[in-house]
Amino acid sequence: MSLDMYAEEILDHYRNPKNFGKLDKPDVKVRELNPLCGDQYEFQVKVSDGKITDVKFNGDGCAISTASASILSEFIKGKKISELKKMEQKDLLNLLGIEVSPARIKCAMLAFNIVKKVVEESGKKK
Amino acid sequence: MSLDMYAEEILDHYRNPKNFGKLDKPDVKVRELNPLCGDQYEFQVKVSDGKITDVKFNGDGCAISTASASILSEFIKGKKISELKKMEQKDLLNLLGIEVSPARIKCAMLAFNIVKKVVEESGKKK
Amino acid sequence: MNAEKIRRDFPIFKRRINGRPLVFLDSASTSQKPVQVLDAMEDFYRNSNSNVHRPVYKISEEATEMYESAREKVARFVGARDHHVIFTNNCTEAINLVARGWAQRNVKRGESIVSSVMEHHSNIVPWQSLKGATLRFADVGDSGLLGDLPMDKKTRLVSLTHVSNVLGTVNDVKKIAKEAHENGALFMMDGAQSVPHMKVDVGKIGCDFLAFSGHKMLGPTGIGALVVRKDVADDMDPLLFGSGMIREVTLKGTTFADAPMKFETGTPNISGAVGLSAAIDYLEKVGMRNIERHGRSLTEIAMRSLGGMDKMKIYGPRKNRSDVLSFSLGDAHSHDVATILDDRGIAVRSGHHCAQPLMRRFGVGSMTRASFYLYNTVDEVRQLAEGLGESARVLKV
Amino acid sequence: MNAEKIRRDFPIFKRRINGRPLVFLDSASTSQKPVQVLDAMEDFYRNSNSNVHRPVYKISEEATEMYESAREKVARFVGARDHHVIFTNNCTEAINLVARGWAQRNVKRGESIVSSVMEHHSNIVPWQSLKGATLRFADVGDSGLLGDLPMDKKTRLVSLTHVSNVLGTVNDVKKIAKEAHENGALFMMDGAQSVPHMKVDVGKIGCDFLAFSGHKMLGPTGIGALVVRKDVADDMDPLLFGSGMIREVTLKGTTFADAPMKFETGTPNISGAVGLSAAIDYLEKVGMRNIERHGRSLTEIAMRSLGGMDKMKIYGPRKNRSDVLSFSLGDAHSHDVATILDDRGIAVRSGHHCAQPLMRRFGVGSMTRASFYLYNTVDEVRQLAEGLGESARVLKV
Ligand SMILES: Cc1ncc(COP(=O)(O)O)c(C=O)c1O
Ligand SMILES: Cc1ncc(COP(=O)(O)O)c(C=O)c1O
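Protein chains in written order, with the numbering used here: chain B, 1 to 126; chain L, 127 to 252; chain Z, 253 to 649; chain A, 650 to 1046.
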């Protein structure tokens, strides 16, 4: 049942997303749009010593994509870039802790794709 | 049965078309192509005193279109233009004396359409 | 008109979603198909399937007759007497044919094409793709009505939708056609949302071009039409080149066939035309006036029952509107609302509805949309309202 | 492979023409459809019909999955790994997409496109419609084999058919691809007559573009495909503009989606893709090698039995040919021959076969053509020969 996607924790992240906003002078920023629905987010991070030291995101989307962005922002903060490079789709789905219906998988993956690019760019910043 | 289209008379016209060839100095000539099959004929006529005094046709096509051209060439020769203006599709079908199948009606009508134009052009010639 | 009886002709309504019957409220996107349409296509494939236009044998005679009589049926259905009917893949391709075939040739640099902010992307992007012409947009008022047309003596074409696929606004196209013609411009009407839902007569309206899709009017996918005034078609280039649209091909060059053949190339979607023809039969049997009345009445009921909900914002005019209803439920995202409705088997559309400029005009990223057709019932409207109540609870709106 | 058994899957073979069973020898024009293909489309309309690409509710999820998995199936079927599959209306539209989308942008004035005298109009007229590029034609020998390609360093594109729809000639496309690439040109292959009849692998051949139609390979009308190398697609403009192919639309301008979406606009022929997918399943179950062998064997039998007839001229190569067979019976016109065959329920094609330059090359206005497919039998070939005997008698050849 797709209703199960709207677990308490997901709705909490949706209503009160973590790390929402903008950074002062981000080292890397990546903005992506889901052309099918118009949802979009920008992630901004600060990088130092091969780590993501700070992260903020902003933008607009549904409960699933917002929760996914919020959870990912928490997850990457403080993590080593080399570690984050290994992150796969299924890791995000584990973090979300819900069964995402096929129709909504793209919503969940929007932030994931952005974060993948952020990690890649950050790697170049060393 | 479509076989009935190949009556003795039709095949005679096909094998030995009447008025086949070219005129010396035609007053009017009209060439038409059936783009669906590539069949084409040119009709040439001489006009005087409001009459078609001579006619020849040339070109290439199937038994039905050739017979139709041959029969029409005989029919219009010597006829008054004012009279020919009244000619309708069903007159040609009567002249042919066969039941033309829907698939082949365009073959029969190729010469008819040319002759209609010839008559119109001839009318302008006084 | 009896929607309960009509439903029985639509096999998909036997379908269950999560154990509940399907409540299909997305006909503005694509309609469901009655068994009569499916049977007509089956019959074609089972008995007469073959290619058209160069027929010599029996079944290709039949196929050609079926294809060409579908063309005549479409012509009659939209009142086309001085117009050709050109079959296309969908409404979008029909609009592209006008853009590439007519406008590219007839709208010079410095001259303009007028469209509007309420258009579907398919009636915006083809005009943007043209080189030279200036594109002007009429605005949309807060109440969802079309604003003044930015027209002048340099306007060559006015291309507007008859009915908005988001707001349900029914534009006064007769007046627009007149205004366009007075300015020396042609009028192209996007009928994607009107032809399926009301009686449309190109002669009475004064359309120079009308584009629409079969799949939104009980027909199959892959077939649409451009209806174009005959003398305008004389002034039009083909969009696509190849077999069927030619008169004679040589290595040096090619001469083209007469309209409408000139504008269709390759093997056409024959079964699509056959299905569309059967769809028109079905619509005409029910009656376009009845279909329009039924859709409007469901929309009114829905507006009343949704209008009473907390934090519900309904877009578009209050009155004289067609049977699409877009709304926002508080700050809930349309995808989430649609997902929760889907849990109950209720299919509504969410997102930007291929109308991003209109979304921007109303300051939103997306809307939720319910749209109605001849097979929808009052009970389904009630289920929609209930489902929205639950959406509000789940999403804590 | 058992053609008698296969026939039972094709409902049209129950059809009688003038009291006789239908002998369908025009599959090169369009093929018949097995019940499996019809059922797949029915099933889509009865259970999952809805629009694709913006799915939130259950049935549109299913429709999207069906449409996109059809795309994957086509890709696998033609060995597309580094290629996109773009759905089109038919083969002709696919070729137009290459002409308008790629060649218009990449072939400069003074540069050339190479085609041939044996091409179908759909692989000639699109190139003629381009501005700037020079069009060169390879000739065809008396035996029906392709002559040398008029290629040089200014050639940007070689566009040739894999199999001639008139002569049955199977071109050595692997060699042609290599030659094109050595000259710095791309290779576009018209697979309309090969993809349905033999195993085609774009990777092994080295096609940059492959175009074909679903309706000639047991699929429905209204669906075809362009298969295009991914990096080449990056260098391609859309042919049609509108919804679905966009990333973001504003009143000022539009950004496009990634391939393959960028090249498909409006509501696609979803049921067409579903039907094509089922057709590929059917072909693969029978096996493409078996289908090719069967077609070639019927063609050989036909060549032997027709070849013995008085005043019979058969066109095309003696050996290594596909399953189309064109001929002239004395000076009888092809229409008359076809009409007399039709009287016995035998469907063959007559006319110029959309290959007027080739007709001119052989000094004829038209030819009669029989073409074979997996459901044809040796007995049908015998009936063809008998019918031709009667044609000769009736027409006094
Ligand atoms: C060699 C060849 N190319 C192209 C085509 C055009 O195919 P379609 O009419 O499906 O676009 C055909 C069909 O007859 C063909 O035989
Ligand atoms: C107003 C309007 N115009 C054009 C279209 C495009 O129709 P299609 O996708 O069938 O080409 C639509 C379909 O949503 C529409 O609603």
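Any given hint might turn out to be false.
[What the hints assert, rightly or not] Selected chain B positions facing chain Z (in silico; Cβ < 10 Å):
#1 37
#2 42
#3 61
Keep in mind the hints are simulated off the structure, nothing from the lab. Glycine included, each C-beta is placed from N, C-alpha and C at the ideal position.
Here's how the hints hold up against the structure:
1. 37: With a closest approach of 4 Å, the residue 37 of chain B hint holds.
2. 42: Result: violated, 14 Å to nearest chain Z Cβ.
3. 61: Holds - the Cβ of residue 61 of chain B comes within 10 Å of chain Z, reaching about 7 Å at its closest.
Comparing the model with each earlier hint shows a violation of hint 2 alone; every other hint is respected.
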